[in-house]
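Protein sequence lines, in the order shown, are assigned to chains A and B.
With the working numbering applied, the first sequence covers 6 to 90.
With the working numbering applied, the second sequence covers 376 to 742.
Please keep in mind that the hints were generated in silico from the structure rather than gathered at the bench.
Mixed in with the good hints, there may be bad ones.
To be verified - Simulated coverage check for chain B against chain A, where a stretch passes if three residues somewhere in it have a Cβ under 8 Å from a Cβ of chain A:
| # | region |
| --- | --- |
| 1 | 405-411 |
| 2 | 688-700 |
Said to hold, decoys possible - Lysine-lysine pairs mimicking DSBU-like chemistry, simulated, CA-CA at most 35 Å apart:
| # | chain 1 | residue 1 | chain 2 | residue 2 |
| --- | --- | --- | --- | --- |
| 3 | B | K698 | A | K35 |
| 4 | B | K377 | A | K35 |
| 5 | B | K698 | A | K36 |
| 6 | A | K36 | B | K535 |
| 7 | A | K36 | B | K648 |
| 8 | B | K535 | A | K35 |
| 9 | B | K657 | A | K36 |
| 10 | A | K35 | B | K481 |
| 11 | B | K481 | B | K377 |
Owing to the predicted nature of the structure, the values given are computational and were not obtained by experimental measurement.
Think of the CB as a built atom: it goes at the ideal place given N, C-alpha and C, for glycine as much as any other residue.
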Amino acid sequence: MCLAIPGKVIEVFEDRGLRMGRVDFGGTVKKACLEQLPEAGVGDYVLVHVGFALSVVDPAEAARTYRFLVELGQLDELHVPEGPA
Amino acid sequence: MKYLDEYRDGRVAAKILSEIERVTTRPWTLMEVCGGQTHSIVKHGLDRMLPAPIELVHGPGCPVCVTPLEQIDKAHAIAARPDVTFTSFGDMLRVPGSHTDLLRLKSQGADVRIVYAPLDAVRLAQEHPEREVVFFAIGFETTAPANALAVTRAAALGVKNFSMLVSQVLVPPAIAAVLQSPGNRVQGFLGPGHVCTVVGYREYEALAAHYRVPIVITGFEPIDLLDGVLRTVRLLEAGTVQVQNQYSRVVTRAGNAAAQRLVWSAFEVGDRKWRGIGTIPKSGLRLRYELREFDAERRFEVGAMETLEPAACISGQILRGLKKPHDCPAFGSACTPERPLGATMVSAEGACAAYFAYGRHRLEATR
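Between the sequences and the hints, there should be enough to build the whole structure, so can you do that?
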């Protein structure tokens, strides 16, 4: 139920006073309400739940957490995700 | 997909598992709060990969499961009306009430429709002014902003033929109910990551301090969940009571302030009944007085309902982490996802349905 999926904002538009976006989830594009995420723009990854964007994915935090996990066992061959694609 | 695939990497999972093994010196019982986490854990078999002293028990965080039978029966009474178009998230359609379910009502001619977003129900109301469009607003804090947006939007645009049947619940009172249960075994929590994107985790700091339990706000992918377990075990082993944020790529301590303002513009806190558990004080949201004309219970005058709940069901104990699905004699025989007897079998995110779906029918197949 509380499933939320990260997707990339590819367009921002207005719908009768509501800030909306088109968000690409690995090839599937859906509309999402961006009204409560004024800082989110085209190219940002946002976490969307039932058509509503809840938060912007922080690429620096994502990289930091992941690097920390990878370093648990010095797995050098693993790719550490960097900033936005 | 970016921010998903890398959190499913088996090599990283193996490293975290060996680190969990290394730091664990004695048995610990952890609860993952959210049904989405339960589903992911059972689907990937994460609980079986953990070293034997670490036990995961499954929490009450499945809003479909805990929606009380009265609200389900009210939904069915409203949906059966010829003037009503009843809209809902897909997961509610199979949930049995005392007498029927939404899918069966639809097959009998009721106008029942699945919507992806609550705003879609408002648009449907605008497109069909001759119909009464009702939206079944269920969910935890994660879903509350989207539901709040729908009703405040309908009010702002003057969409008079839209209303909501509200069954919104809150996580912290449910965690408190688990910890206050006689016989509680839970020593640490994997906190609900997506709930916390909205509300942040300050309230969880108060819970952790009050009940002396560590809570790690955790994501939903296998790597996130294993990382959440590792962090919780480390805190338990060190005797540290603290809230940690494993899901920092999307969760901040303060949460999304604009989304919180939106929620409080539509809802206020009230007592709620939880299916399988009973009434928990101040554990839910109801529409604010100013929005009462959008309250479907008021508009359609559905009063108190006589409900019929099967007596064999132990879902209340499962939702509080006291028992597991295979402790129930009805599990997998009298009770299946096709014919569920109670809360934890009605949704894919319920512990019983997840165990059933991933082939854990026998005790020896689980831990």
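Evaluation of the provided hints:
1. 405-411: holds (count 3)
2. 688-700: It is violated, with 0 qualifying residues against the three required.
3. K698/B <-> K35/A: violated, 40 Å
4. K377/B <-> K35/A: holds, 16 Å
5. K698/B <-> K36/A: The hint is violated at about 41 Å.
6. K36/A <-> K535/B: Measuring from Cα to Cα gives roughly 25 Å; hence the hint holds.
7. K36/A <-> K648/B: holds, 34 Å
8. K535/B <-> K35/A: holds, 27 Å
9. K657/B <-> K36/A: Judged against 35 Å, a Cα distance of about 34 Å means the pair holds.
10. K35/A <-> K481/B: Answer holds: K35/A to K481/B is near 27 Å, not above 35 Å.
11. K481/B <-> K377/B: violated, 38 Å
Comparing the model with each numbered hint stated earlier shows that hints 2, 3, 5, 11 do not hold.
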